[in-house]
Amino acid sequence: MVKRLPSIAVLATSLGGWSCGPSALDGGFDSANPAAKLFAIEKAAEAEDRSPETLRRIVEQLASDDPAVRLIAIGALERLTGENHGYHHDGGPIERRAAIRRWVRYLEDGVASVEAPPGDRRR
Amino acid sequence: MSTHPTEPTGPPQLELEMLSQSRLLAPARAMTGTFAQRLGFNEIECGQISLALDEALCNFINHGYNKREDGCIKISVWDLETDPSGLMILVEDRARQVDPASIRPRELDDIRPGGLGVHLIREIMDSVLYEHREGGGMRLSMTKQISSSERRPAHASASRCEGRPTS
Amino acid sequence: MSDTDDIQVRQEPTNGGMILVPIGEIDLSRAPSLRHHLSTALDERPDRLIIDLSEVPYMDSSGVATFVEAMQLARKNGAKLILCGLQDRVRSIFEIARLDTVFTILNDTEEARSA
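Residue numbers (our numbering), protein chains in the order written: chain F, 6 to 128; chain V, 2 to 168; chain U, 3 to 117.
It is worth saying that the hints were derived from the structure and are not from the lab.
Remember, predicted model here, so these are calculated numbers, not experimental data.
Hints should not be assumed to be uniformly reliable.
[To be verified] Under 7 Å between C-beta atoms, here's a sample of chain F residues computed to sit facing chain V:
#	residue
1	Ser-24
2	Ile-77
3	Gly-80
Backbone N, C-alpha and C fix where the C-beta goes; we use that ideal spot for every residue, glycine too.
The task is simple: from the sequences and hints, build the whole structure.
What follows is the structure, given as structure tokens:
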């Protein structure tokens with residue numbers, strides 16, 4: 006489950022400002038800053054990190070309030086696993102929760118054996 | 002080419018506020034490329050859209066903020082809900098303002114490094130508009146529509162839209 | 003924390019020079035690192051420097067600018083710079099920038115070695 010950290014973005018926005026925050030490279034998956042989360046997710050996808058812990062952390066991001074984080078997370082999971090499990094980043098909360106449960110079961114069932122999607126090549 | 006892109010109605014589907022740090026270009030590209038793929042753009046178009054955004058961000062970082070890493074940049078992306086499908090990308094900063102008319106592609110016959118970003122953006126996107134941002138800074142809005150009226154199925158898995166390697 | 007990112011580059015000798023194989027995307031964050039690799043290679047005054055881009059799936063104009071600088075340095079040093087293995091997405095940026103006829107661009111390292 007994603008830890009609900011105080012939303013600096015919402016506070017800053019309500020004060021009429023942008024919330025680019027502290028360095029967006031700090032904090033990774035746990036950062037309150039969506040840009041930092043996106044950076045962490047993309048870094049993992051680029052590194053083809055299919056470790057159980059990383060996949061779990063990315064799946065957690067599917068529950069984010071931020072559609073950009075949800076979109077990048079599912080995009081990364083698709084690239085890493087070739088799977089989607091019916092998750093739509095812009096779907097309703099109920100269908101998203103159902104798809105996240107399918108992702109969690111998928112990881113519980115065989116995380117150690119997650120390999121690159123068939124037919125993938127660097128090009 | 003139109004210099005007045007279609008104005009979307011309603012809030013953007015995606016928003017990202019980021020610092021002016023070049024290491025954030027990759028996730029910004031991935032976000033936009035994945036969104037474009039969801040709208041049905043083909044792989045080449047997705048890659049080009051990612052490149053256009055990348056070039057815009059580079060210009061905001063290099064020229065708007067003079068390579069400072071603590072500047073704020075905001076990216077907003079809309080599904081234009083047109084037929085064929087299209088998207089609009091809005092990039093804004095709070096850096097110095099320049100005359101939009103001065104933002105022009107350079108002569109390509111002059112073989113030298115740099116200065117290609119504006120040319121690439123204008124070649125790739127259907128419409129491009131530079132303006133002063135109310136309250137300070139610049140804004141760049143650019144739109145692109147799918148070349149075919151047939152949309153690809155959404156959520157095609159393991160897509161290569163972002164220009165990233167697959168494993 | 004530095005905002006630049008190192009790019010991994012494999013290097014192998016070839017007849018009269020060397021082959022550099024950058025790995026991964028080349029954008030504003032990695033262009034400085036690439037520039038360093040290219041200038042270091044050209045400082046060794048090879049007769050030819052082959053850049054195999056088959057493992058570069060993406061490049062923006064920062065990357066292109068780095069290769070233009072390398073081309074200028076190569077000419078100054080009397081070296082032949084050859085690009086090869088361009089993926090479609092990378093080739094298209096050279097075409098849009100009208101640099102596809104300025105650089106020597108070949109299909110693969112085999113062609114580049116015998117050029």
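Taking the numbered hints from earlier one at a time, note which ones the structure violates and give those numbers from smallest to largest.
-> Structure breaks no hint.
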